[in-house]
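Asks: Chain order of the listed sequences is A, B, C and D.
Per this note's numbering, the very first residue in the first sequence carries number 1; after that it's consecutive.
Per this note's numbering, the very first residue in the second sequence carries number 1; after that it's consecutive.
Per this note's numbering, the very first residue in the third sequence carries number 1; after that it's consecutive.
Per this note's numbering, the very first residue in the fourth sequence carries number 1; after that it's consecutive.
No lab work stands behind these hints: they were computed from the structure.
Predicted model, so just to flag it, every value in this text is computed and none were measured.
One or more of the hints may lead you astray.
One copy or two, either will do: identical chains are not told apart, so a pair holds if it fits within one copy or between any two.
Capping the alpha-carbon separation at 20 Å, the derived lysine to aspartate or glutamate pairs in EDC-like fashion look like this [what the hints assert, rightly or not]:
{"no.": "1", "residue 1": "Lys219", "residue 2": "Glu356"}
{"no.": "2", "residue 1": "Lys259", "residue 2": "Glu88"}
{"no.": "3", "residue 1": "Lys219", "residue 2": "Glu292"}
{"no.": "4", "residue 1": "Lys259", "residue 2": "Glu292"}
{"no.": "5", "residue 1": "Lys259", "residue 2": "Asp278"}
{"no.": "6", "residue 1": "Lys259", "residue 2": "Asp349"}
{"no.": "7", "residue 1": "Lys259", "residue 2": "Glu147"}
{"no.": "8", "residue 1": "Lys219", "residue 2": "Asp109"}
{"no.": "9", "residue 1": "Lys219", "residue 2": "Asp172"}
{"no.": "10", "residue 1": "Lys259", "residue 2": "Glu144"}
{"no.": "11", "residue 1": "Lys259", "residue 2": "Asp168"}
{"no.": "12", "residue 1": "Lys219", "residue 2": "Glu121"}
{"no.": "13", "residue 1": "Lys259", "residue 2": "Glu51"}
{"no.": "14", "residue 1": "Lys219", "residue 2": "Asp63"}
{"no.": "15", "residue 1": "Lys219", "residue 2": "Asp177"}
Protein chains: 4
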Amino acid sequence: METIGVGMLGYAFMGKAHSNAFRKIAYMTWPPPLEPRLVGICGRNREAVDEAAERYGYDYATDDWQRLVDDDSIGLFDNGGPNALHAEPTIAAARAGKHVVCEKPLGRDAAESFEIWRAVEETGVKHLCAFNYRFVPAVRLAREMIEAGELGEVRHFRGRYLQDWGDDPSLDTWRFDPAAAGSGALGDLMAHVVDLARFLNGEPGSVQGFAHTFLPGRKVDDAVEAAVVFENGSVGTLEATRFAHGRRNALQWEINGTKGSLSFDMERMNELQVFRADGDRARGFKTVLVSEADHPFWEHWWPPGHIIGWGDTFVHELHHVLEAIANDRPIAPYGATFEDGYRAAEICDAIVRSGESGAREQIRYRQASA
Amino acid sequence: METIGVGMLGYAFMGKAHSNAFRKIAYMTWPPPLEPRLVGICGRNREAVDEAAERYGYDYATDDWQRLVDDDSIGLFDNGGPNALHAEPTIAAARAGKHVVCEKPLGRDAAESFEIWRAVEETGVKHLCAFNYRFVPAVRLAREMIEAGELGEVRHFRGRYLQDWGDDPSLDTWRFDPAAAGSGALGDLMAHVVDLARFLNGEPGSVQGFAHTFLPGRKVDDAVEAAVVFENGSVGTLEATRFAHGRRNALQWEINGTKGSLSFDMERMNELQVFRADGDRARGFKTVLVSEADHPFWEHWWPPGHIIGWGDTFVHELHHVLEAIANDRPIAPYGATFEDGYRAAEICDAIVRSGESGAREQIRYRQASA
Amino acid sequence: METIGVGMLGYAFMGKAHSNAFRKIAYMTWPPPLEPRLVGICGRNREAVDEAAERYGYDYATDDWQRLVDDDSIGLFDNGGPNALHAEPTIAAARAGKHVVCEKPLGRDAAESFEIWRAVEETGVKHLCAFNYRFVPAVRLAREMIEAGELGEVRHFRGRYLQDWGDDPSLDTWRFDPAAAGSGALGDLMAHVVDLARFLNGEPGSVQGFAHTFLPGRKVDDAVEAAVVFENGSVGTLEATRFAHGRRNALQWEINGTKGSLSFDMERMNELQVFRADGDRARGFKTVLVSEADHPFWEHWWPPGHIIGWGDTFVHELHHVLEAIANDRPIAPYGATFEDGYRAAEICDAIVRSGESGAREQIRYRQASA
Amino acid sequence: METIGVGMLGYAFMGKAHSNAFRKIAYMTWPPPLEPRLVGICGRNREAVDEAAERYGYDYATDDWQRLVDDDSIGLFDNGGPNALHAEPTIAAARAGKHVVCEKPLGRDAAESFEIWRAVEETGVKHLCAFNYRFVPAVRLAREMIEAGELGEVRHFRGRYLQDWGDDPSLDTWRFDPAAAGSGALGDLMAHVVDLARFLNGEPGSVQGFAHTFLPGRKVDDAVEAAVVFENGSVGTLEATRFAHGRRNALQWEINGTKGSLSFDMERMNELQVFRADGDRARGFKTVLVSEADHPFWEHWWPPGHIIGWGDTFVHELHHVLEAIANDRPIAPYGATFEDGYRAAEICDAIVRSGESGAREQIRYRQASA
């Protein structure tokens, strides 16, 4: 079986999630498009990265990402580091001819994200921005139903990502450092909302809203609120917060169309709520347990009803990348490219600007210069 | 038992709901503060209003509301007519010394609502704007919990009222006539969202958003979307629509505080979702079936778990009015006064203006002139 | 409008529920088949029954049920008294030519229930045993769907009625007195389960199970458990208890057929869960909000989504009785007759016998003697 | 790191589930008690087992289980083959000094299960019967809460395992062959219900019920129904079926005690419903998302709210086995031993006997002969 060498930047939360996925791809998706070989992993804490290499089975650990870039046995560079470390290593890896995966948000703002996208796009390698929620079976099923016209004309998209761990002034991680993170709930959570809005409902045309910080002294935003108009004529609300007690990982969205509605909550990620305006006397939202043989990604898994977990979304996502590499197929539209990463950032920034100016902001994407 | 004569304007949806409530008050709330005597009912369709009088037991029917105003045996004038018929009869009744109940929205816009409030306030009668959802036991319980500080400092309020009957161009009722209704989803649905936001979370400080019309030729708004900042520092979203297939009467809100969260859906009106950030290892939202002996309004009803219906909210609401009249107690804060009706309209109008100008709108209430 | 005089035995829980229903029928169901006129109400506590007469509007109160039996202006005798008071007054009223309604359980055991049924049946009057849950819109919809073959061949019926108020040794009402009540959870709760099993799935053929008492000194059963085989070949479980903390009025049942399934919980009585094995890729249980214009009983109520309460089931039930009287139509099959009341008792008794003997009990109904 | 060689019998559903778990243990549980080394895998279809060896990374494939038994590099023999292949290879492996894991049901009936248990027990190796649902975090949390007395005295246990794939006469697998499977829903599904009943609520004392076959010509049972009395004085129902349309993997149980209740559904395996009878005015079942740092097994996984899947229960289960081996700790009480496997079979057989005789069956466990 053909293999591909993987170089991983980051060994903590995302490093674990991606490494687990690479290992499971080798046997859960069978046969895999390419067998991932874990070559090198990079992190700043030498002891921790050594342990991570042993734990996940990388050939070596390093505290110098340049070593991964220079390693010819690595064909895929996966960046799961802090946001401030997305641009330089990812661009360097792409310029070294490696395919690249980068965690979201792509850059710390739209300008940086644009720069990353353009630099990488020019190299011709495959690039995926790791909006993993596109790879939840229920989300993909939703996309397929919408593409097939099952919702008719869309009237509403309302999305929110609610978490509750931010209401603690003593928290002190890179996620609260503007230089490292770029933003707070905006890039961490709203970026996901915006990506799913685009994935399921197309481009937003304008936003009115704001980012907000609750805690005195906190240097990034804690919550983001917006009203939105989409180019397809639908309207809705977008929200992200780290201050919603009781909501642990509640990425929720609902979409209403002329023929039906869909509703989703990541805390019940194996379920999709489906309403069909079909005139059945017994009408209502169906709780669809998305685990059937004819459901997305399910060829990799278990008999119906035997549900999967959050970590498995990365199996689907990275499998998609490997398939794109193996067969020279595009990442888009089911995977998010760096262009999608950039576009999400542009929308996020527009909400911030709307908050600063008080004015409605049109979404305008930068053009690649000739 | 002391009685009070009731004059009712309107015999259709709201006329039925209010008449039912007056009749049930006489025996379900025991002893009632005042026994309602159904004196006269008014409507434009002579045949229909005659039937309504017979059906609900009014002494007489009329197509001239002035007759109700002139009838000295009527002590309470209840206006359940179309929005355009709110101002004149209600003011006239109050000036004739009758206590007044008026369906929401109070007027067709903030200006008219202000005028109604001021004119009626000057007469000294009791006035209630029929935001009946304040009288859902779960909503009252929420209010009591918030007042008792059980949520701590509030961070978020998100409210939406989703219905799905508007997506039909052939619909032709007064509700789509701007002259009769003033607005569409705005006054019909958003007014409820805004009133509950104020009831549970206090005054909004500013809004950014818009009203939107989907159907060509429709003369009122179909949906309203907004981001909102409250004076207490909390933020959130507000939404109302008649275009959400599968949502029949989904007035939903959630409120997150530093000590806990509450969540509600009118389609499951007997339930309140309660999260307490109390460190219990088994933490999560409780589904509270609001039907216990120590729950609001339950002294009127059944053993625990024997739930009530939408129509019963009017029993609580009009009972509250009768109690205020009988004992000269204020309608506020648990009932909505005409001032509350006006304030809801001011916020609704601000969203519309924000949509027209694209700018953030501060909520500023008109002052009663000296 | 033609009227019918009503005589009511009992003024507490069931007296309130039935009186409320008679009053609402007069205007909520329009035009009513007969207008109920509340003539007399009977109870042993003279002060309480006097107040009840005033409260609900009965012409007179009495502590002698014979007075109701002797009153020619009474056409319908409604027995909501304790179980021990079901037989004699109900039979006497029927023999006096009055139509009769009797709360469940019909008698304190199968023998007494049989006697009541036979005695009343011979008089030719209409008789209804007040299994009110047949008159929940969701339950009626289920029945209609089953009758229409929408479930195919039934495989399973599992029913349970869970309450939680019994776990208190200090409780001391007639419900714990074997002479007054006949049994505990058996007649109070299991009778409902058994009636719905018969209503939705037909006759049970045999049961294996038992009644059980948890509290030392308690003289009636606290819980009942059984496995059951139905004559149509389906199988399942039946359960009733007053010892299920957190379940307040949880009458729950599920029925599985070759074409689909239905599921119900009385605590969410406005909802029916519907699964159709129709091959839709998006398959799952629908949460049907049973409140549409084409749903059972909804012609009496509100716009869709505006739900009703437990008390409203009695409006449907007693309306059914009035319609049967007015138009000489049968109570069965949608209403429960005294024969249904007797049959439920026979099944309940069979479970008790199975517990005593340890043996499977066949359900055998007594034959009316020639 | 110390390793242990694994020999696997079976490569299909359970072979995949167990192999996946062994591989994930090596890095998700860190450091693992022993690093599993996949040595050999056995199956009858030569081509399929060759592929499985390559896929999951076993050193070799074989169609002769004796080879695994004879292989000294194998320290743990894992039997995921059809039920008829449980006894001989498992006993042989244990006698060869290997620790053993065996899928449930342990044997095809109580007699065979007893024989397997006794034979293996005598060898002194560790043995686990793979009742994996004990290793769902929510189930373990329930056990811990019950052990800590949080439910008080237990009154009820009701359990059911509902699936819906059996209603198809064309199905033809070893699961419908009595010689290979021993039984149908009984050993496949009811065994799980019975094991969880014992795990959470202790020993059943007697059962009344039956096994039932719907389809003509089917040679195993399709459904099982029982009423049960437990030795601790609680009572309830037990059910298993493959004929419940819409229920895909619905292992559901509820337990009611004097201080509270717990409820669970495997289709929402990350959630535990918790009711505390603590007098809180806001009382109700909490939906606990069992994914917190202080929840069972969560040290291996992700931040709160990032849920896991069905396959991950095997990670916990086999990790438990490795820990028991590495540190010579007992499998019981959190893992199911072969004695637990035998006891489940004894209870299952008692239900069958009750169905045949119609009589209540006492649960009596065989004694190991001296």
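Asks: Between the shortest in-copy and the shortest cross-copy C-alpha distance, which are at most 20 Å for lysine 219 and glutamate 356: within, between, both, or neither?
Replies: within (16 Å within a copy, 33 Å between copies)
Asks: How do lysine 259 and aspartate 278 come out at 20 Å by Cα distance, when the copy is not named: within, between, both, or neither?
Replies: both (7 Å within a copy, 19 Å between copies)
Asks: With identical chains, the pair lysine 219 and aspartate 109 could be close in the same copy or across copies; at 20 Å between alpha carbons, which is it: within, between, both, or neither?
Replies: The answer is within: 15 Å in one copy meets 20 Å, while 41 Å across copies does not.
Asks: Within a copy, between copies, both or neither: where do lysine 259 and glutamate 292 come within 20 Å Cα-Cα?
Replies: between (24 Å within a copy, 18 Å between copies)
Asks: Under a CA distance limit of 20 Å, which applies to lysine 219 and aspartate 63: within one copy, between copies, both, or neither?
Replies: neither (28 Å within a copy, 64 Å between copies)
Asks: Between lysine 259 and aspartate 168, at a C-alpha cutoff of 20 Å, which is it: within one copy, between copies, both, or neither?
Replies: between (44 Å within a copy, 12 Å between copies)
Asks: Please sort lysine 259 with glutamate 51 into within, between, both or neither, judging by C-alpha distance up to 20 Å.
Replies: neither (53 Å within a copy, 39 Å between copies)
Asks: 20 Å Cα cut-off: does lysine 259 pair with glutamate 144 within a copy, between copies, both or neither?
Replies: within (15 Å within a copy, 26 Å between copies)
Asks: For lysine 259 and glutamate 147, with the copy left unspecified, which applies at a CA distance of at most 20 Å: within, between, both, or neither?
Replies: The answer is within: 13 Å in one copy meets 20 Å, while 29 Å across copies does not.
Asks: Under a CA distance limit of 20 Å, which applies to lysine 219 and glutamate 292: within one copy, between copies, both, or neither?
Replies: Neither: 45 Å inside a copy, 27 Å across copies.
Asks: Checking lysine 259 and aspartate 349: alpha-carbon separation at most 20 Å within a copy, between copies, both or neither?
Replies: neither (33 Å within a copy, 31 Å between copies)
Asks: Treating 20 Å as the Cα threshold, decide for lysine 219 and glutamate 121: within, between, both or neither.
Replies: neither (32 Å within a copy, 48 Å between copies)
Consistency with the previously given hints fails for numbers 2, 3, 6, 12, 13, 14, ordered from lowest to highest.
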